[in-house]
Amino acid sequence: MKILAPVNSLQEGKALLKEGAQELYCGLNPEVCFKKNETGSWLNRREPGIANLKNLGELKELVKVAHEGEGKVFLTLNQPSYDPEDYQDILALIENIEESIGVDAYIVADPALIRLLKETYPHLVIHVSSLAAVLNSAAVSFFSQLSVKRIVFPRYLPLATMENIIKESGNHLEYEAFILNDGCVFEEGYCFVSHGFGGAFCHNPDWRYKPIKVNWQEKADEQKVKRGYFRKEKEDFQMYLDEYKRWLWIGIKNFGGLSGYKGYPLGMCGICALAHLKDMGVTSLKIVGREAPLKKKMASVRLVKEVLDYLDEGHSPDKVKNFAKSIRGTKGLCESGYMCYYR
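To get my numbering, take the position in the sequence shown, counting from 1, and add 292.
Quick caveat, the hints were computed from the structure, so don't treat them as lab data.
The model shown is predicted, which means the values in this text are computed figures rather than measured ones.
Don't take each hint at face value.
Stated by the list, open to error - Below, a list of computed lysine-lysine pairs in the DSS-like style, where the Cα atoms sit at most 27 Å apart:
1) K294 / K617
2) K611 / K459
3) K502 / K545
4) K545 / K441
5) K613 / K570
6) K587 / K554
7) K613 / K587
8) K441 / K459
Whenever a hint applies, use it, and build me the whole structure from the sequences.
Pasting the structure below:
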């Protein structure tokens, strides 16, 4: 399995390749592509700014450096959908990149854009983004007919589901799974509005929650309708709210960017499942966070590489799991499950 790391600059790419990443993914700011951009379109899922490379010149240098070290570079065009008026600008950008740069693959979520790209440039390598919400083998079959090469599984997809999808879909495709950092409250492939009001409401600390009364019945055929705050009197709204906020802080906010005492970043993690992921046929492990500091990215690559090296030595899945927990140094958090992609 290969380590896929996020980058937002040429210097980051050099550092992460040196740490052991074999694949890099990056984005470009919208002004690189859209001529007018009167609607304020984003070229990828990350907002314009520090999460993206500055220009095509930097992308070209990044690809050159990666290829010199037998690494690969993937470019994100992973909005769930684009305004059809933007397609021609995107095609022009792709033509420019293919003629003068030559990235190794494009990460795309919009099915219409995937089809357009493959019809226009049949040789392009397309990876289906997690934003496409590929949740079953039927979805894989759909994208396979569009001649894609890799499926990026969404966050939190159960290991058993992933394994069944790969068995049903076959090994003619590559499969990528999340392994470290950022979580998401909902299924991001279906989340279109939650970031539109000054940030994601689902983990905004300024939001206040309060219970509301609802109508309910003990049995479906019961005539009497009851009205109250909870279906069960013993349920404690504040207790569940506190647990929800704890999960947000641990799994979504990543402890505000803090690291554990061993120097590894705190937040969502799937390294305990590395043996299972390898056995089922996952080929690439995604570290999340193009906007994160380089120090966090480097520590993330080191952590994944250390556990992968241990796995490659031939240790059993249980030993790999215990080793992962020991070097992470967050026993209590691991036991809570709040930091786990694959509980």
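Taking the hints in turn, this is what the structure says about them:
1. Between K294 and K617 the CA atoms are separated by roughly 21 Å; this keeps the pair inside 27 Å, and the hint holds.
2. Distance check on the hinted pair: K611 and K459 sit about 26 Å apart at the alpha-carbon level, within 27 Å; holds.
3. Distance restraint check for K502 and K545: the Cα-Cα separation of roughly 22 Å lies within the 27 Å cut-off, and the hinted pair is therefore satisfied.
4. Pair hint K545 plus K441 does not hold up; C-alpha atoms about 32 Å apart against a cutoff of 27 Å.
5. Distance hint between K613 and K570 is fulfilled; the C-alpha atoms sit about 13 Å from each other, no more than 27 Å.
6. Between K587 and K554 the CA atoms are separated by roughly 13 Å; this keeps the pair inside 27 Å, and the hint holds.
7. Note on K613 and K587: the hinted pairing holds, with a Cα-Cα distance of about 25 Å set against a maximum of 27 Å.
8. This hinted pair checks out: K441 and K459 have alpha carbons roughly 16 Å apart, not beyond 27 Å.
Hint 4 from the list above is the single one not met by this structure.
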